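Mind assembling these two chains? They're in different frames, but the hints should get you there.
Take a look at the letters that make up each chain.
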Amino acid sequence: MSSNPTSKRSPRAKILFKRFASNPLAIVGAFFFFFFFLMALIGSYAAPYPFAAQVIADRLQSPSWTHLCGTDQFGRDVFSRIIVGARSVFFLGGSGTILAAFFGLMLGLASGYYGGLFDELAMRACDVVMSFPSLLLALVFISLSGPSLLNLVMIVAILYIPIMARVVRGMTLELKNMAYVEAARIRGESAPYIIFVEIMPNTLPPVFVEMSMRFSYSIFLVASLGFLGLGVQPPSPDWGMQINEARGFLSNAPWVLLCPATAIAVLVVSTSLLSDGIRNMLQPSMGKR
Amino acid sequence: MTRPKILEVENLSISYQTESGLVKAVRRVSLDIRRQESFGLVGESGSGKSTLALGSIRYLAANGRISDGRINFMGEDITDYGLAKMSKLWGRHIGMVYQNPSLALNPSIRIGWQIAETAQIHRGLDKKAAWNEAIMTMAKVSMPEPEYVASLYPHQLSGGMLQRCVITMALLNNPSLLVMDEPTTALDVTTQAVVLDLVSKLKQEYDSAIFYITHDLAVVAQICDTIGVMYAGELLESGPTKTIFRDPRHPYTLSLIGSIPKFEEDHRKRSLSGIKGMIPSLRELPNGCVFSPRCFMADEECRRTAPTLEEIAPDRRSACPRWREMEERRKEMEKTKSYPAPMEQTAALAVDSLAKHYAPISGALRRGAGKALIKALNSVSVSVPKGCTLGIVGESGCGKTTLLRSITGLIEPTEGEVRLDDEPLAPKVTKRPRSILKKIQMVFQNPDASLNPNQTIAKCLERPLKIFTDLGKADRKKKILEILDSVNLPSTYYSRLPGELSGGEMQRVGIARAFAAEPDVILLDEPLSALDVSVQAALVNLLFELQVANNPSYLFISHDLAAVHHISDLIAVMYLGRVVEFGLAEAIFKPPFHPYTEALLSAIPNPDPDAVQTGIRLEGTVPSPSTIIKGCAFRSRCPRVYGPQCADEPPPMRMSAEDDRIFCHIPLEDLARVQTSPFHNASAR
Numbered sequence: 001m002s003s004n005p006t007s008k009r010s011p012r013a014k015i016l017f018k019r020f021a022s023n024p025l026a027i028v029g030a031f032f033f034f035f036f037f038l039m040a041l042i043g044s045y046a047a048p049y050p051f052a053a054q055v056i057a058d059r060l061q062s063p064s065w066t067h068l069c070g071t072d073q074f075g076r077d078v079f080s081r082i083i084v085g086a087r088s089v090f091f092l093g094g095s096g097t098i099l100a101a102f103f104g105l106m107l108g109l110a111s112g113y114y115g116g117l118f119d120e121l122a123m124r125a126c127d128v129v130m131s132f133p134s135l136l137l138a139l140v141f142i143s144l145s146g147p148s149l150l151n152l153v154m155i156v157a158i159l160y161i162p163i164m165a166r167v168v169r170g171m172t173l174e175l176k177n178m179a180y181v182e183a184a185r186i187r188g189e190s191a192p193y194i195i196f197v198e199i200m201p202n203t204l205p206p207v208f209v210e211m212s213m214r215f216s217y218s219i220f221l222v223a224s225l226g227f228l229g230l231g232v233q234p235p236s237p238d239w240g241m242q243i244n245e246a247r248g249f250l251s252n253a254p255w256v257l258l259c260p261a262t263a264i265a266v267l268v269v270s271t272s273l274l275s276d277g278i279r280n281m282l283q284p285s286m287g288k289r
Numbered sequence: 001m002t003r004p005k006i007l008e009v010e011n012l013s014i015s016y017q018t019e020s021g022l023v024k025a026v027r028r029v030s031l032d033i034r035r036q037e038s039f040g041l042v043g044e045s046g047s048g049k050s051t052l053a054l055g056s057i058r059y060l061a062a063n064g065r066i067s068d069g070r071i072n073f074m075g076e077d078i079t080d081y082g083l084a085k086m087s088k089l090w091g092r093h094i095g096m097v098y099q100n101p102s103l104a105l106n107p108s109i110r111i112g113w114q115i116a117e118t119a120q121i122h123r124g125l126d127k128k129a130a131w132n133e134a135i136m137t138m139a140k141v142s143m144p145e146p147e148y149v150a151s152l153y154p155h156q157l158s159g160g161m162l163q164r165c166v167i168t169m170a171l172l173n174n175p176s177l178l179v180m181d182e183p184t185t186a187l188d189v190t191t192q193a194v195v196l197d198l199v200s201k202l203k204q205e206y207d208s209a210i211f212y213i214t215h216d217l218a219v220v221a222q223i224c225d226t227i228g229v230m231y232a233g234e235l236l237e238s239g240p241t242k243t244i245f246r247d248p249r250h251p252y253t254l255s256l257i258g259s260i261p262k263f264e265e266d267h268r269k270r271s272l273s274g275i276k277g278m279i280p281s282l283r284e285l286p287n288g289c290v291f292s293p294r295c296f297m298a299d300e301e302c303r304r305t306a307p308t309l310e311e312i313a314p315d316r317r318s319a320c321p322r323w324r325e326m327e328e329r330r331k332e333m334e335k336t337k338s339y340p341a342p343m344e345q346t347a348a349l350a351v352d353s354l355a356k357h358y359a360p361i362s363g364a365l366r367r368g369a370g371k372a373l374i375k376a377l378n379s380v381s382v383s384v385p386k387g388c389t390l391g392i393v394g395e396s397g398c399g400k401t402t403l404l405r406s407i408t409g410l411i412e413p414t415e416g417e418v419r420l421d422d423e424p425l426a427p428k429v430t431k432r433p434r435s436i437l438k439k440i441q442m443v444f445q446n447p448d449a450s451l452n453p454n455q456t457i458a459k460c461l462e463r464p465l466k467i468f469t470d471l472g473k474a475d476r477k478k479k480i481l482e483i484l485d486s487v488n489l490p491s492t493y494y495s496r497l498p499g500e501l502s503g504g505e506m507q508r509v510g511i512a513r514a515f516a517a518e519p520d521v522i523l524l525d526e527p528l529s530a531l532d533v534s535v536q537a538a539l540v541n542l543l544f545e546l547q548v549a550n551n552p553s554y555l556f557i558s559h560d561l562a563a564v565h566h567i568s569d570l571i572a573v574m575y576l577g578r579v580v581e582f583g584l585a586e587a588i589f590k591p592p593f594h595p596y597t598e599a600l601l602s603a604i605p606n607p608d609p610d611a612v613q614t615g616i617r618l619e620g621t622v623p624s625p626s627t628i629i630k631g632c633a634f635r636s637r638c639p640r641v642y643g644p645q646c647a648d649e650p651p652p653m654r655m656s657a658e659d660d661r662i663f664c665h666i667p668l669e670d671l672a673r674v675q676t677s678p679f680h681n682a683s684a685r
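These protein sequence lines map, in sequence, to chains A and B.
Going by the working numbering, 128 is the number at position 128 of the first sequence; the sequence numbering is gapless.
Going by the working numbering, 266 is the number at position 266 of the second sequence; the sequence numbering is gapless.
Excised from the complex, chain B in its bound form (with noise of 0.2 angstroms):
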């Protein structure tokens, strides 16, 4: 560790200037990053992680003010610098990445020329030296045809493209640090693993150092070396990750490494540990211990002093005075409680070759008339038995949304059918009797808006049930009452409007409004995905419940392959509005594998940082759902592309031992040879 201190943040605070006063954004947090050294900077929303990044680099915005610390860059005080001294830094000395590549490049300027100006303007360098500075960069950057990329505008690329072109950007002028701001978060899971991969070698290929501000702490595992874990605004726990994952010494670190679904075969179905209530707003912190009110062995001292952080090991430090106990509560909340799988084999509701296709029309005139179709689900054959969990994985476009509107009757599918306990639905919602739309309920991604602003929860509960029940007035409210019970809210929220409630809150209600007429399948579009990690192992814990209580089917789709493994009894994966995979979920996460699911697998980062993960990455993008594909439609980007049949004939579904059904052309036999379990970590520990 001799490695120079490139940033040194000592004792900082950050307040803002708002409309109803002062808030103290961040306090007293102190950090060093050193050089070649990656720093993840983890937290909650509304932790104050993005404001410290900014801050520690003085790019806060106008009502932002440094109000007590000091920062050192590269042994220069740059507390009180002014915007001209800034500027020069800015750009040559430290480089930054932010949250979305699209609003961060100009769309009416060719790429290559945005990456160049940075050196025009910081090294002074003409137009054509800094072109062929750029085009070099990009291909540093492992950018594929850099020359060809860099004469495109930004509406021309991926997501995914474009965030290597920011990265190149602030590599340009090989700075000392490197600031990413949730550089990953906009990304499907695949173009995450091809970016991580590059910040992984860019670590080993730059000297810069990395200040890495995620939410999500399986990518943080992945590529940081030290970890500072942010809380309402301070800084609760901070060491190398390695340490920090096997042996947390905070309850907030400690609860939210087991908020996260494990990876683990024998994980799968357990509640998660969660944490009770919300991050407090940074208006009214409480006394004490900013985490003491969510905190599981908060005490009266705790509630009255504020800890300091201290140095507990070497690089190790805690604000927990209680950090001594941490290993023995570790242990304790390991014992998690586990939900039985229940097998049972009749359907509860079944896909049958559904396919939706929409034609490209807009408007009275017809617009778009004789284009190619948009294909947006192609003949998808699901079914969920009564009382368990399907599970739909995909990345975004692959048809899990459309595939749920198309179940619930708000979309016509164009062929096929749905059948519920075997009878076959009416295609329209409108065309549904009452006791069938009292039967599958759904609950949606977003909770702002899954709840009308201007509906008190006790309206918003009560219509499912003045439709689908013939309960009376009082009748409706008891149940009402019941209902927020089930979902663990207070019954003070009976007369509430959702703006007053958080986000967790919301989707309770959305998912008590779900549950209300009890329902035999819930389809659950996204539930968690909008949500604080935190929060969602709550929400877990709640859907494991109700499932136990009520009996229901669910069907619950998600990007996120860890979280569908954890809650599903069946998996079916998708891609390009085809089910590539179909199965038990143990028997999805062991090979063969088809190769889509293989790459999905590796490339989700994986919370434990000792994992080995195959490196399997997929590069392009996903194709058009307009373009005609004969054979399988995820040839363009397969890793084990077997033959000319991959492109002309559809693939076959060939069926495992275990029930698994993968349609693929290469033989079973064949995938199982090449490929491994991603549990392998977990049976070698």
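Just chain A, same shape as in the assembly (with noise of 0.2 angstroms):
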């Protein structure tokens, strides 16, 4: 197949790529995900407009190829405001849900291989994080310790790291008892060896799935608290805050409102098309509906 020797394990990747692109609506997910995560990355220099620059002759203009999204009760560009505003969306909610993946995954393999007391008193804490309404948790949280940029991120970690631990723990509990693991154990290996080569990296598949999962819903979290005010804080541009900010006038100015609301359904949407797509990848025998 491939000419390239060195590439041993093409055929795989070529197999999962082949299996990933068969899938219209994954692709077209991936396309708009990608789009927002590069304009989270180069926004600020894309922008047709600087996203802070107020002209007041030019408030609440209607979309127009000079503001394709129109401007708000400031003059300042929609457009350009939803592009930087990427960059917040997805350092929130990237980085907590990378923390949240990495602490879930540890706290789940712990779990489920050793078990016992210490599985009981840590299933039952992820129990009590989630059974708090997270947007609920997210409010109190970040009023007692402030909106910044740490405590938003940490929040985000925290409300999904008992999810990532039970996704881990319950493939653990499966795998710790494959043969392949008890061949380990007669050799005499040592926990740690086993935790983290023999079973870890056959829980990676279901941890992707989920983190891309995770990923889509911290969006909807991080907007919602840009809506309440207690997100990014200004000047720094936020969807959430933006759709705040709009109420006033939905009447005479829908665009300010229904704009970045739109960026929010979209980069929602196409994420969890993204996840799906991942999932038929990576477990083509689940996810079928």
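These are computed hints drawn from the structure, not numbers from a lab.
All of these numbers come straight from a predicted model, not from anything done at the bench.
Do not take every clue at face value.
[To be verified] Listed next, the in silico BS3-like pairs over lysine-lysine satisfying Cα-Cα at most 25 angstroms (straight line):
{"id": "1", "chain 1": "B", "residue 1": "K24", "chain 2": "A", "residue 2": "K18"}
{"id": "2", "chain 1": "A", "residue 1": "K176", "chain 2": "B", "residue 2": "K466"}
{"id": "3", "chain 1": "B", "residue 1": "K459", "chain 2": "A", "residue 2": "K176"}
{"id": "4", "chain 1": "B", "residue 1": "K201", "chain 2": "B", "residue 2": "K5"}
{"id": "5", "chain 1": "B", "residue 1": "K466", "chain 2": "B", "residue 2": "K428"}
{"id": "6", "chain 1": "B", "residue 1": "K428", "chain 2": "A", "residue 2": "K176"}
{"id": "7", "chain 1": "B", "residue 1": "K459", "chain 2": "A", "residue 2": "K14"}
[What the hints assert, rightly or not] Some chain A residues near chain B, calculated using beta-carbon distances under 7 angstroms:
{"id": "8", "residue": "F196"}
{"id": "9", "residue": "E198"}
{"id": "10", "residue": "M200"}
Idealized CB from N, CA, C, for every residue including glycine.
Here it is as structure tokens:
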């Protein structure tokens, strides 16, 4: 197949890519996802106007070729603010999800492998966190600790660690009884070796799938917090905050609200399409509807 | 042979539309099944036997399609019948019995109503009449207390009883054709014997033709009149059972018969013929004859032109154009290699009154505390000398796996000890020094689960070398290639992942891993049962070769008495966590037997259609391991209960003249008088 002899794994990668590419919805999802991701990286250079530039004379302009999404009550270009605002969504949701995946993975592996009292305590703690509506818990946490970027990342992580931990724990419970794990125990392998070499690599595909799903939920969470004024603080642009500010003139300038709302919807939907695609790619037997 | 044809399949081809294209699962198959005849379709997994059977009753999955050929059922051409017309035949004239009875029944409907439903729908009986009909039919299939059983839900019955219910359901409307897809594969051997008896009885009492699908040649030999042998979607040979077994006329059939261990004393510890390679993928079929890449007599011509199934004698068809040579080939094949029984006296591994009791407690809240203990093992004592094989045989739930796991130290026994070279071992694996760990290795049942899907074969084999030997990196690589060669795997497998290997190849890697550090004792946990017959044979030979070369002791556990008999020097028979009989293999299979051994022996289907077996059948189910048993554990099912002491006192150990230990109240002379040897058919020939 591949002429390159060094890429030994290419058949598997090829199969995965083929499986992903055969799903048109996933491709659409991936397209929009990477569009926003690109904007998050280079948004402030790509935006047609500086996101904070106020041109009072051009207040509440309707969408046109000069202002794709119109302007807001201060005459700022809505499109530019959406593009630049992508950064906070990706930063908060992305780093929160990655942290949650890491700690959830560790907690789930330990909990599932060792079992016993530790498992019981860890899982009950997870139940407690999961029993609160996530927005409520986030509100309490942010109002107590202040809306800094670090705190926002932390609350996203705290909310999603239990979910990740449960996924990994379930996998670990199943994997630790596999014959190859028993073979390792009969060889006298240490617990860390068994956990990290024999078990962990097999839990990663579902972790990736769960991460992509968690990320799409975190977009909602970050936008909701922004809407409530507890997200990224001005002057940094934020989609939730944009929606909140635009509430007052919904009737005469709906685009100021609808455009960031559409951005949220498009990103959330495209992320879930992408995550479906990833799931079908990594676990083709599951996820068939 | 004037009985009317019930099912006529002519030149049938079936293909599946899959994501990666069209798969031709069945190609140009023709067969007839007559009234009162039972037709056995034998084939390994992936041979298309289920597709053929389901296709011939038009019951294919949504992506399956009959691409060519005709099907006649009771004189009518049903090839193009629509769903509505077929629905009238299914359940009315065609009955179906599936492999797994617990999936075939609805768990939330009482058994009786599920059975009665068939009569209500197809014959318009009212509820009461259908119910009565169901009870009557249940009585006909020798269901004990049919009315009581009819009022139960499926989860309240054992697998064997459920399968009888499914058979009742299939027979209720007195169908012309009964399709049975591996109906006994999910059952224990003693239960299988009861179900097979039932099928043979039904053959005589009902007019139905039986279309029986199985991978197990021995089962077919026992109950079918005619056999068709399927391979990679094609029928290779067909004919009357007796002649096919005595005189196979296709190399595949011949190899397949040579692959099963024969239940004959002089055939023990001999190599099996086996078949090299594996069944081809239906997507990449070989040119010419489908069997040619694995055939021991294939030549250029075979690889070029595809043969057709031809009539070679009345009622006999073979797809091998060289069928005339088969008789000579058969005689050649019967010359098998024998492996000597090394009879050392010093025990390599000894298990001394080992017991494992579980407390049914779960969770941190200690739910279930105070309930009766689950006694998985009760004072089990066995030992295996150096270089010998101890076979441990018993049905599911007899504690054989618990015994192996206690020996490895994966679970800690409640009582007793395990001794290696007369040194007691620490009960927990984590407490054992590396020098001890090196000496005991294990091969697992399920090859898919025994290799980490993320590790290459090299990594998997390197790890034991790294831990247990002081070889350098280059030496380890050399050694891995040597090991791969010793299990007959090409060195190109070095960097492969397990997912790229077939089941048999994965099991070879599993065996290679166990052998890598040259252990003294290898525990084999049903290493063959997940594999196809032809692959099993090659692995049996491999195990023999490796034992001769490296002289390890084997502890081989299996539910398959024939396989245990074939490879073991010593045998222990287990029932409900106890050893009921333990001794030299040749002594175990001669009277006197423990009554349970006797029942097992008469339950195993014999691959010799001429065999006469004693008809001892066990009714009832194995008691729960938490039952408190004062006397003999086997008493509740024993066909030879001796007296009140069986219930009250634990059975004494009786030593036969040949050092065979039997735990039974019946004096051995009395047992010997009423029991007959399982080999009596063999000696008569």
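To see whether the hints hold, each was checked on the structure:
no. : hint             : result
1   : B:K24 to A:K18   : holds (23 angstroms)
2   : A:K176 to B:K466 : holds (22 angstroms)
3   : B:K459 to A:K176 : holds (19 angstroms)
4   : B:K201 to B:K5   : holds (21 angstroms)
5   : B:K466 to B:K428 : holds (22 angstroms)
6   : B:K428 to A:K176 : holds (17 angstroms)
7   : B:K459 to A:K14  : holds (23 angstroms)
8   : F196             : violated (12 angstroms)
9   : E198             : holds (6 angstroms)
10  : M200             : violated (9 angstroms)
Against the hints set out earlier in the document, violations occur for numbers 8 and 10.
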